[in-house]
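K.L.:
The whole structure should be built from the sequences, with the hints applied where relevant.
2 protein chains.
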Amino acid sequence: MAKQPELDDFRVPYFETKKNDKFSLDDFDPAAKPFSTGSKDTDRARLSEIGAKLDSLQECLHAQQKRRVLLVLQGMDTSGKDGTIRAVFHEVDPLGLRIVPFKAPTPVEFAHDFLWRVHWQAPAAGELTIFNRSHYEDLLVPTVLGELDKDAFQVRSRHIRQFEELLADSCTTIVKCMLHISKDEQRARLQARIDDPTKHWKFDVSDLDARKQWDKYQAAYRDALAATSTEYAPWYVIPADSKTHRNLMVAELLLRTFEALKLEYPPAKESLKGVKVE
Amino acid sequence: MAKQPELDDFRVPYFETKKNDKFSLDDFDPAAKPFSTGSKDTDRARLSEIGAKLDSLQECLHAQQKRRVLLVLQGMDTSGKDGTIRAVFHEVDPLGLRIVPFKAPTPVEFAHDFLWRVHWQAPAAGELTIFNRSHYEDLLVPTVLGELDKDAFQVRSRHIRQFEELLADSCTTIVKCMLHISKDEQRARLQARIDDPTKHWKFDVSDLDARKQWDKYQAAYRDALAATSTEYAPWYVIPADSKTHRNLMVAELLLRTFEALKLEYPPAKESLKGVKVE
Numbered sequence: 001m002a003k004q005p006e007l008d009d010f011r012v013p014y015f016e017t018k019k020n021d022k023f024s025l026d027d028f029d030p031a032a033k034p035f036s037t038g039s040k041d042t043d044r045a046r047l048s049e050i051g052a053k054l055d056s057l058q059e060c061l062h063a064q065q066k067r068r069v070l071l072v073l074q075g076m077d078t079s080g081k082d083g084t085i086r087a088v089f090h091e092v093d094p095l096g097l098r099i100v101p102f103k104a105p106t107p108v109e110f111a112h113d114f115l116w117r118v119h120w121q122a123p124a125a126g127e128l129t130i131f132n133r134s135h136y137e138d139l140l141v142p143t144v145l146g147e148l149d150k151d152a153f154q155v156r157s158r159h160i161r162q163f164e165e166l167l168a169d170s171c172t173t174i175v176k177c178m179l180h181i182s183k184d185e186q187r188a189r190l191q192a193r194i195d196d197p198t199k200h201w202k203f204d205v206s207d208l209d210a211r212k213q214w215d216k217y218q219a220a221y222r223d224a225l226a227a228t229s230t231e232y233a234p235w236y237v238i239p240a241d242s243k244t245h246r247n248l249m250v251a252e253l254l255l256r257t258f259e260a261l262k263l264e265y266p267p268a269k270e271s272l273k274g275v276k277v278e
Numbered sequence: 001m002a003k004q005p006e007l008d009d010f011r012v013p014y015f016e017t018k019k020n021d022k023f024s025l026d027d028f029d030p031a032a033k034p035f036s037t038g039s040k041d042t043d044r045a046r047l048s049e050i051g052a053k054l055d056s057l058q059e060c061l062h063a064q065q066k067r068r069v070l071l072v073l074q075g076m077d078t079s080g081k082d083g084t085i086r087a088v089f090h091e092v093d094p095l096g097l098r099i100v101p102f103k104a105p106t107p108v109e110f111a112h113d114f115l116w117r118v119h120w121q122a123p124a125a126g127e128l129t130i131f132n133r134s135h136y137e138d139l140l141v142p143t144v145l146g147e148l149d150k151d152a153f154q155v156r157s158r159h160i161r162q163f164e165e166l167l168a169d170s171c172t173t174i175v176k177c178m179l180h181i182s183k184d185e186q187r188a189r190l191q192a193r194i195d196d197p198t199k200h201w202k203f204d205v206s207d208l209d210a211r212k213q214w215d216k217y218q219a220a221y222r223d224a225l226a227a228t229s230t231e232y233a234p235w236y237v238i239p240a241d242s243k244t245h246r247n248l249m250v251a252e253l254l255l256r257t258f259e260a261l262k263l264e265y266p267p268a269k270e271s272l273k274g275v276k277v278e
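Quick mapping for you: the protein sequence lines, in order, are chains A and B. Those letters in the first sequence? Residues 1 to 278, per full-length UniProt numbering, in order. Those letters in the second sequence? Residues 1 to 278, per full-length UniProt numbering, in order.
Everything labelled a hint here was simulated from the structure, so no lab data went into it. Accuracy of the hints is not assured; some may be wrong.
If chains are identical, the list can't say which one is meant, so a pair holds when it fits in one copy or spans any two.
For lysine-lysine, the following DSBU-like pairs were computed, each having C-alpha atoms within a straight-line distance of at most 30 Å [said to hold, decoys possible]:
{"id": "1", "residue 1": "K269", "residue 2": "K66"}
{"id": "2", "residue 1": "K183", "residue 2": "K103"}
{"id": "3", "residue 1": "K183", "residue 2": "K216"}
{"id": "4", "residue 1": "K150", "residue 2": "K66"}
{"id": "5", "residue 1": "K199", "residue 2": "K216"}
{"id": "6", "residue 1": "K262", "residue 2": "K150"}
{"id": "7", "residue 1": "K22", "residue 2": "K212"}
{"id": "8", "residue 1": "K33", "residue 2": "K18"}
{"id": "9", "residue 1": "K202", "residue 2": "K183"}
{"id": "10", "residue 1": "K216", "residue 2": "K18"}
{"id": "11", "residue 1": "K243", "residue 2": "K183"}
{"id": "12", "residue 1": "K243", "residue 2": "K103"}
{"id": "13", "residue 1": "K22", "residue 2": "K150"}
P.N.:
The structure is reproduced here in structure tokens:
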């Protein structure tokens, strides 16, 4: 087995650093499998092992009722946001896990600032929350549609940084993953959805419109990631053409994130020592 | 009648300006009545006139469904937050008005960052929202209790400025009023609450604890106002020993704020021209 790759190599350089300017999605091969052992079975066994660890780490987070963890998942259609959640977190106690899907804003949501509906869903003390799409849609979609000019993009990006810093200053650990697939892989996955009637519910004709804007979306992703990768809320690019690899890499990242928290169960209560329940 | 005083003279100098450093609450006499005509009857007639204007301006705000107005009311116990809302806004259509009282945080609120419960209550398009107490309690109370050191105070103040800027960037006009009463006036009002059994519901023994910390609260107010008065969310000091004056001055401020919005009803719909309802 080759030397374990570094997760940091897939982290988008922090905003306002020299390397940040040079960041390009082209430097990341969607088909790469840096965290794979080379064997799917071994990879799946490792994923299962991490799932069990995440489950007990999450219980500790919940017992402590202090820290909060937020995972943001973004990616083009078919990049595997739903699949990642299912694969990585199906061993985690659902009691301690909250998945928040973000769709197009409702009229009520649209009557407020773009972070209004997001802030409300931020994890509470003891919670692990996953955003399945997120406030980044409000940076990406209007940019591609030409509704957000460069200045407005920068203002929104600044508000996102400041919002995420508020969460980070309030005991929240934030990790953001862009599931990075190739245009060819997307074609295959969309075609599979069209060809299989049981997958039609996953498909919407508007997905083809978004696909036509592929290059604009890639450019918008590049700019969004560069403008909002920070020490307190870093972005990671996850090569995601291989589903097994994608799941494993997100799992490894989450595991490292949880381990860095050095969670411990709250101290035993002296007052309970020797108490007999009658 | 003397020259009309300028509301700007009662605005706390903006954060990071030279004048801001020199700002002191001692420069504002709580017993002053700069906006009074000298006659209570005339003042009340003027207040009623403004109330009617605010009512029609608010209707226009509501019809337009774009701008939002947020009034933040802060002040020591008995400074007249409830009384101001009753007096200034009783002529405004309650349909377009939302009053949000903030009490001590609940356990659920406390499990999030301090702006979580506040953001959710921000005005929607077309709304006039009044915060009866606000996120500033989370700056003032922990400071007086010694739970927030100088650095943490600055971090919280920065998050407040950034949050208010997000709202302002999203079509929200923000005005913040500190109802400024003297310690003597508070004694009289608290005593009146104690002496009149029908006012006991307004009184809590903890109000006396807060009164004992009067000087600490005044210092915390000074620092909070100085750290968060900005062009997009200015603070005004309202001399409030006289209730009639307090009401009139807040009303004048709101009227000016609404007038500056230059609200207009949405354009008539061409498609409705000549339509006869059968």
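K.L.:
It remains to establish, for every hint, whether it holds in the given structure.
P.N.:
Against the structure, the hints come out as follows:
1. For the identical chains of this complex, K269 and K66 are intra-copy neighbours only, at 18 Å inside a copy versus 54 Å across copies, given an alpha-carbon limit of 30 Å.
2. In this assembly of identical chains, K183 and K103 lie within 30 Å of each other by CA distance solely inside one copy; the values are 23 Å within and 53 Å between copies.
3. For the identical chains of this complex, K183 and K216 are intra-copy neighbours only, at 13 Å inside a copy versus 62 Å across copies, given an alpha-carbon limit of 30 Å.
4. When the C-alpha separation of K150 and K66 is checked against a cutoff of 30 Å, the pair qualifies only between copies, where the shortest distance is 23 Å, while the shortest distance within a copy is 38 Å.
5. For a Cα distance limit of 30 Å, the shortest separation of K199 from K216 inside one copy, 27 Å, qualifies, whereas the shortest one across copies, 64 Å, does not.
6. Taking the shortest alpha-carbon separations for K262 and K150, only the inter-copy value of 28 Å comes in at or below 30 Å, while the best intra-copy value is 41 Å.
7. Taking identical chains as interchangeable, the C-alpha atoms of K22 and K212 lie at most 30 Å apart only when both belong to the same chain, with a minimum of 26 Å there against 58 Å between chains.
8. Proximity of K33 to K18 under the C-alpha cut-off of 30 Å is restricted to the intra-copy arrangement: shortest distance 27 Å within a copy versus 57 Å between copies.
9. Proximity of K202 and K183 under a CA criterion of 30 Å is satisfied intra-copy only: 18 Å inside one chain copy versus 65 Å between copies.
10. For the homomeric pair K216 and K18, the shortest alpha-carbon distance inside one copy (24 Å) is at most 30 Å, but the shortest distance between copies (46 Å) is not.
11. Taking identical chains as interchangeable, the C-alpha atoms of K243 and K183 lie at most 30 Å apart only when both belong to the same chain, with a minimum of 15 Å there against 68 Å between chains.
12. In this assembly of identical chains, K243 and K103 lie within 30 Å of each other by CA distance solely inside one copy; the values are 23 Å within and 49 Å between copies.
13. For the identical chains of this complex, K22 and K150 are intra-copy neighbours only, at 18 Å inside a copy versus 38 Å across copies, given an alpha-carbon limit of 30 Å.
Comparing the model with each numbered hint stated earlier shows that all of them hold.
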